[in-house]
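Sequential numbering from 8 applies to the sequence shown in this note's numbering.
If you're looking for bench data, these hints aren't it; they were derived computationally from the structure.
What you are looking at is a predicted structure, and each value in this text was computed from that prediction instead of being measured.
Zero decoy hints are in this set.
Computed list of lysine-lysine pairs in DSS-like fashion (alpha-carbon distance at most 25 Å, straight line): (1) K64 <-> K84; (2) K134 <-> K91; (3) K126 <-> K64; (4) K126 <-> K109; (5) K136 <-> K79; (6) K79 <-> K109; (7) K91 <-> K136; (8) K136 <-> K109.
The calculated label-pair distances, taken between Cβ atoms and stated as ranges, are: (9) I53 <-> Q101: 43 to 51 Å; (10) I55 <-> Y87: 32 to 40 Å; (11) E104 <-> I53: 45 to 53 Å; (12) V96 <-> S54: 39 to 47 Å.
Cβ atoms here follow ideal geometry from the backbone N, Cα and C, with glycine treated the same way.
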Amino acid sequence: MRICSNRKRTCTKKILFILFTAGIFFNCSLNIVVASNSDKNTNTAISITLPEMKIVKGLIKRGDTASSLLNKYLPLKTIYEISKRSSDVFPLTQIREGRPYKIILQENHLVGFEYEINKKDRLVVQKEKDIFS
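Build out the structure end to end from the sequences listed, making use of the hints.
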């Protein structure tokens, strides 16, 4: 878990670059052609389909909790672990009505969650090797 400050544009630029790059790669298929210098016709085409990525944006509504936002994508045990880990940075129990959030999905599995704490800071939770941090 980390808080990104809007004053630190490098954090924002890095995240936007990663999301933009991931969007390009995850929303298309790659065709790779392997060529050989030998006289025989040994060119081989390999098709790779990359996973689909989706970003769900919204505003916290009255009565929303981290559990109510994330339970469609994660079991309650995992949501509890995320809440416990994020409490030193920003307690998820303090999300407020009217604040924007993003849920980042890859093949309908949650891989990221962002919550705008205030105009300057936001909480960023990312999944890395089956662990949210």
